[in-house]
Structure formats: C-alpha cells, structure tokens
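Colleague: What follows is each chain in one-letter form.
Protein chains: 2
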Amino acid sequence: MALSKLDQYRRAVEITVDITGGKWKPLIIHYLLSGTKRFGKLKKLIGGVTQRSLTLQLRQLEANGIISRKVFAEVPPRVEYTLTALGLTLAPTLEAMKSWGEHYLASKHRKPKA
Amino acid sequence: MALSKLDQYRRAVEITVDITGGKWKPLIIHYLLSGTKRFGKLKKLIGGVTQRSLTLQLRQLEANGIISRKVFAEVPPRVEYTLTALGLTLAPTLEAMKSWGEHYLASKHRKPKA
Chain A
96 MALSKLDQYR
106 RAVEITVDIT
116 GGKWKPLIIH
126 YLLSGTKRFG
136 KLKKLIGGVT
146 QRSLTLQLRQ
156 LEANGIISRK
166 VFAEVPPRVE
176 YTLTALGLTL
186 APTLEAMKSW
196 GEHYLASKHR
206 KPKA
Chain B
96 MALSKLDQYR
106 RAVEITVDIT
116 GGKWKPLIIH
126 YLLSGTKRFG
136 KLKKLIGGVT
146 QRSLTLQLRQ
156 LEANGIISRK
166 VFAEVPPRVE
176 YTLTALGLTL
186 APTLEAMKSW
196 GEHYLASKHR
206 KPKA
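As you go down the protein sequences, you meet chains A and B in turn.
Residues in the first sequence are numbered consecutively from 96, following my numbering.
Residues in the second sequence are numbered consecutively from 96, following my numbering.
There may be inaccurate statements among the hints.
Since the list gives no way to pick one copy over another, a pair counts as held whenever it fits inside one copy or between any two copies.
What the hints assert, rightly or not - Taking lysine-lysine pairs in the BS3-like style, the calculated list, with each CA pair at most 27 angstroms apart, reads: (1) K203 with K118; (2) K203 with K139; (3) K100 with K132; (4) K203 with K136; (5) K165 with K100; (6) K203 with K132; (7) K136 with K100; (8) K100 with K118; (9) K100 with K203; (10) K100 with K138; (11) K138 with K165.
Honestly, the hints are just simulated from the structure, not real lab data.
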C-alpha cells in the first residue's frame, strides 16, 4: 500500500524521533562518534545512567541498526559498541536537534513565559 | 544549579524531541511554514487528524512558543495560527530529521532485518 506524501513526511520525522528520542541515546551516539567503546567506558562517560537502562538503550540502538555489538571471548568477556555506517549518518541530524534545543532554551531564558 | 555539559547536550536534544515529537506536530509546522492558516484549513490539509487531537497539539505548540493563535471576533469566530519567529527557526531542523528518517527507511528497505 502506497503511503501518501503526507504520511511519508510524518513517518520520516517520527522514525527519527523514535530512534534518537531515548533518554540516553543521543549521548550514546555522541560518544560512539569518537570511536568504538566498551560498555564500562560508555557507562562511565555518560554518568548517571544505570546498568539496566544503558543495556536497554544499547539493545534498541542495535535492533535499529544504529550500532553494532561485538563480544570478545576473553575472561572477563569484553563487549564493544561501534556506530554502524547508518549510525554515523545521524551525526548532522543530532547536531541540528541539539542546536535548535539550545536556541529554544536560550530564547525561553530571555523571555520567560507563564 | 549549573548543568554539566553532558546534561546540557542531553537536555537540548530532548527538548527538540519533545517539541517536535507529537504525532501531528511536524505536519502542523510544515503547513504553517507556507503561511498563516485557519483551524479548519489545517484540519483539511492534514487529513486523518481528529478535532480533539489537532486542538491538543496546537495548544502544546502554542504553549511552547512555536505558534501563535489569533481569534477574530466574527460570527462564526475565526481562529488563525501562525508560526512565531521561534517556530520558523525549526524549519532546517525538521528538514534534517525528515531527511534522516527517509534515509533510514530506505536503508531498511534495501536490507530487511529480522
């Protein structure tokens, strides 16, 4: 079934919101942009995130094809996360979203509204 | 309380997701980019949206300072919506989100994953 142009537009924006909108996802992607990271390193870099929450968000990003996960047969096991080619293409979009958010927050700060 | 750089980053992306992430919000903004519209016109342009749902999303956009609402004392009353200066600045960000979403959907289409 062909989607109308409008539905396509809405769906395209929505999918970006869905994929990037998790509480820790922008930060995960942000840190992986500078290279592959181990789980523990990501956890330390991000700070306030729990083990469970980070695991969940990493799984969702992996399921969406944004990151890849590699397990090394070591003791203790080493798990590394890397942005996929698709994940790398998110960089400019996230940057645009971050910039607009900053602009918004700054404008609210200048003219507080009830 | 000063936010850490990380918190600022997360908050900036999150606010953009919050403000643009409503089911009909990208479409509302999209249509208002071409100029002021009446409620009924927006409803017709968007299609599948209910009166209640459109009203709710317009109110949220108004509360966030993205659109302004003007009521004309006519019979029947005329209500018009216009993007604010702040709302206009969303255009390139929404465009980036739309483009990436299209890219994502196309890539999924090429390599279907379980």
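Colleague: Measure nothing new, just compare the shortest in-copy and cross-copy C-alpha distances for K203 and K118 to 27 angstroms and report within, between, both or neither.
Modeller: both (22 angstroms within a copy, 24 angstroms between copies)
Colleague: Measure nothing new, just compare the shortest in-copy and cross-copy C-alpha distances for K100 and K132 to 27 angstroms and report within, between, both or neither.
Modeller: between (39 angstroms within a copy, 20 angstroms between copies)
Colleague: Within, between, both or neither: how does the pair K203, K132 come out at a Cα-Cα threshold of 27 angstroms?
Modeller: between (36 angstroms within a copy, 25 angstroms between copies)
Colleague: Within, between, both or neither: how does the pair K100, K138 come out at a Cα-Cα threshold of 27 angstroms?
Modeller: Answer is between: at 16 angstroms across copies they meet the 27 angstroms cutoff, but 41 angstroms inside does not.
Colleague: Between copies, within a copy, both or neither: which fits K203 and K136 at Cα up to 27 angstroms?
Modeller: neither (35 angstroms within a copy, 30 angstroms between copies)
Colleague: Is it within a copy, between copies, both, or neither that the alpha carbon of K203 lies no farther than 27 angstroms from that of K139?
Modeller: Answer is neither; intra-copy 32 angstroms and inter-copy 32 angstroms both fail.
Colleague: Taking 27 angstroms as the upper bound on the Cα-Cα distance, should K138 and K165 be classified as within, between, both, or neither?
Modeller: Only inside one copy: K138 and K165 sit 17 angstroms apart there, 48 angstroms across copies, limit 27 angstroms.
Colleague: Are the CA atoms of K100 and K118 at most 27 angstroms apart within a copy, between copies, both, or neither?
Modeller: between (30 angstroms within a copy, 16 angstroms between copies)
Colleague: Could you figure out if K136 and K100 sit no more than 27 angstroms apart (CA to CA) within one copy, between two copies, both or neither?
Modeller: Cα proximity of K136 and K100: across copies only (18 angstroms, versus 43 angstroms in one copy).
Colleague: State whether the alpha carbon distance between K100 and K203 is at most 27 angstroms within one copy, between copies, both, or neither.
Modeller: Between copies, since 19 angstroms is at most 27 angstroms while 34 angstroms is not.
Colleague: How do K165 and K100 come out at 27 angstroms by Cα distance, when the copy is not named: within, between, both, or neither?
Modeller: Classified as neither; 39 angstroms inside a copy, 29 angstroms across copies.
The structure shown violates the earlier hints numbered 2, 4, 5.
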